[in-house]
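J.: The residues making up each chain are set out below.
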Amino acid sequence: MVQTFEEISASDFFYRNRDIAGFTNPSRAIFVAIREIVENSLDAAESQKIPPDVYVRLSYEAGATKETQIYKLRVEDNGCGIQPRFIPSAFGQILYGSKYKLKQTRGTFGLGGKMALLYGQITTHQAATVTSCTGDTNKIYTFQLMIDIQRNRPVIIDRKVQINKDNWRGTIIEFTLEGDYLRSMPKILEYFKQTAMVNPYANLTFVDPKGRLYKFTRATTDMPEPPKETLPHPYGVDVELLQRLISVTECPTMTEFLRYHFHRVGGITAQKFLEFNELPPNKNPKKLTHIEIVKLTQNLKKFKDFLPPDASCLSPLGEELLKTGIMKELNPEYLVVHQRKPSTYAGHPFIVEIGMAYGGGVPKTGNFVLYRFANKIPLLYDEASDVSYRVIGSMNWRRYKASADMPIAIVVHICSTKVPYKTVGKEFIADRAEVRREIANALREVARQLGHFLSRREHVDREKKRISIFSKYLPRIAEFSAMLAGKERIPDIDKLLKSVQKYGSEEK
Amino acid sequence: MGQKKSKNTVAEHKQEVSIGLKALGTDIYNQLDKGFFPSVNMPSRSTENINYDPATRQYILGERTVNRSARNIRHVKPFTQLAWAAMFSNELTSHRKTSTLRDVYYSAQAYEMTFSDQQESNNIITDLETITGFSREDFNIFPEERSAIFGDLTIGYTVPGYEGKTLNLTSHPDGVLIGPALTSSEFVGTNADKVIAIEKGALFTRFIEENVHNKHKSLLISCGGQAPRQTRSFIRRLHEELNLPVYIFTDGDPWGMHIAQVIISGSANAAHLRALNTPDAVWSGVWASDIIEYKLPTDPLDEVDIKRLYELQRDPRYQNDPLWQREIKTFLKIKKKAEQEAFSRYGLTYIVDEYLPRKLDGNSKK
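Residue numbers (the working numbering), protein chains in the order written: chain A, 1 to 508; chain B, 1001 to 1366.
Computed spacing ranges between beta-carbons, pair by pair:
| no. | chain 1 | residue 1 | chain 2 | residue 2 | range |
| --- | --- | --- | --- | --- | --- |
| 1 | B | K1217 | A | K487 | 45 to 55 Å |
| 2 | A | S471 | B | K1034 | 19 to 29 Å |
| 3 | B | Y1310 | A | D492 | 54 to 64 Å |
| 4 | B | S1094 | A | S471 | 29 to 39 Å |
| 5 | B | L1101 | A | S471 | 27 to 37 Å |
| 6 | B | A1011 | A | K487 | 24 to 34 Å |
| 7 | B | L1101 | A | K487 | 20 to 30 Å |
| 8 | B | Q1118 | A | K487 | 27 to 37 Å |
| 9 | B | R1102 | A | S471 | 27 to 37 Å |
| 10 | B | E1120 | A | E320 | 46 to 56 Å |
| 11 | A | D492 | B | Q1118 | 31 to 41 Å |
| 12 | A | E320 | B | A1110 | 56 to 66 Å |
Hints were generated in silico from the structure; no laboratory data involved.
Even glycine gets a Cβ: it sits at the ideal position worked out from N, Cα and C.
Let the sequences and hints guide you as you build the complete structure.
T.: Right under this line is the structure:
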């Protein structure tokens, strides 16, 4: 018997395993396609600190099966645009992208957008159209592309150039795909609403196949600082990365090597670590043996005195923007937000931001309404598996005078260079001790403040009620006693009513 | 004719009630006028403060008082309701109108003084009774329940439109309702020399048919079960103003026995009121020993009956006359009870011709 082996391309791999990227069924597919393209658009605008304008139109093309239809999806943005020479690969080659550096972005592998096009191609056999201009030139390039799945290469069907008369900048993607909009509609609308909540500086427009317009208008043009690229932190390094760094480094000594290639390692820290690792400081890194490299990797994780990664590579929303976003979408009676200091898990920095909203537009569902976000992406599936859900469930809410039957919404945003997702589909955050602790501490902080608000309000309510009771009854007592005593004049009770307001505290 | 008169007592009493209500109003008014939160003191009606008073032979309230103040957030509403109830009672009595407990509850709504339920408004009326020392009937507020009287008693109405008119209480064979018009009337004259109060309407009717009022020169009263307050106070008036002895006939069971006791010694619920009881009235039957003596048809005592007997055995009202303890013991011994109708086994007239004379005779001998 002869066994045959064949190599498959990355495209082919995802073609065969599209479930892992979230394209599990026709209704999920349409939701994921919109989500991936919109997130690329938001990233494209944010990286230039441009307040994003994203226009999404889903239109009906033809029937497909009993449950599914062919739709055309068009997404326009005002982002940074893509240089024409990168367009074919950026959209026609899986695992090709601009997101392999260490900084916080929505996407991680440069996979999602291309998966959407790939999915469109395999369900409708039609080319995708990508139009883009970076704003640096006066030319707008339009490509018609397909993906050669077996070879993981873009196939250019057509290429056009237009003169950019209106100084337009951005990217327009249009392609057809098969899906089930009716079933995915609630998730899609929820997705836009929640995206608007954590991107309060974005204009989002969605026109659905029935022609209905959903518009989420920005409430501010303030934007968070874009994330900076950063060096790897010693705690997050593995042997492979270390070897690659050694092969490219120009540093002649270990001290310099550590200082120049690692995040937050200075001369003194490097010296201390090398002592700990029992390596001479002036040893040439290129001369390290394989065994020494393995030991080095292990000790990098064991050494306690590395400074924690700083958060410059992260782009959290910040308390003000989080407040703006939640106000805009939920319009609560009371809102408190809190941002934790940066923390790390396994060498990856992360920041937890939490908002807690009470009353007003927050619905009363009999349970806390939980909005989960990771790197400004709403997480809409598998809520019960998420670490936030578990933390909320394990808190003693009575301490904070709060209970699940109150109209309370909890917004949890975690941003990180590597969000600890449990699955490729970006559905929920894994229960890691460091992350759990940060979420719990942030929750306690906002819950404490909500508790103060609730007890203050309870007090004010009680006081109001008290005064209203006296105001209601004292005049009647005056009236009845005057009638009974046969007096014409009704006693003046204003002084008594005023004195009631002065007492402040309640009676025994 | 042993005509006895009691002119003016009704009018005088009405005057006192009116003064009492106005005094309460003036008190509240003056406190308010001086810039104070008005408050009133009243005897506490909690069970610890209800004591049996051997001198008056009834339950009375003890020394403990409670203060109800409009300063207290929890009191201000009931205080207002009390002021309203006093004002409303004053309107009723001064305009000589009557009302019922139910009617009070509804009337309050016209003054935007809503009570959350009937019980709340009843409680406020009881407060007003406690504070003023007058009963609700004095305020012309009556319960819905009614009992009846029949016999040779002539009354003079004082209710509006009937002033000066008189009525002899034999004029209607069903008896005359003991209602506000009757209880507010003056006694003009009677030929009766005793009052017989009967637990049930059926036997009351039988007595009228059998001419008991003539044969035994008596005023017959149907209590309709537990005698309403106005009936109890009317019985007392008959006894005090006309000097008539009072005999009470009930079923031969602990409940009947207690109906007699409440007429004699009053109830704990009305411990804040006086002049509702008739300490000299006599329970004439049906006794437990009658059940044995007359070999009456019986039912066995059930659990509740026996429990009730043990309660009564400890009740202070049952301590002063050996009759009560003797009969309680007899009930507990025979474990049987009998209704008044049980005498029917000896024929329709037996109770009137045989039993009643012997019992009345026996009581007068006592």
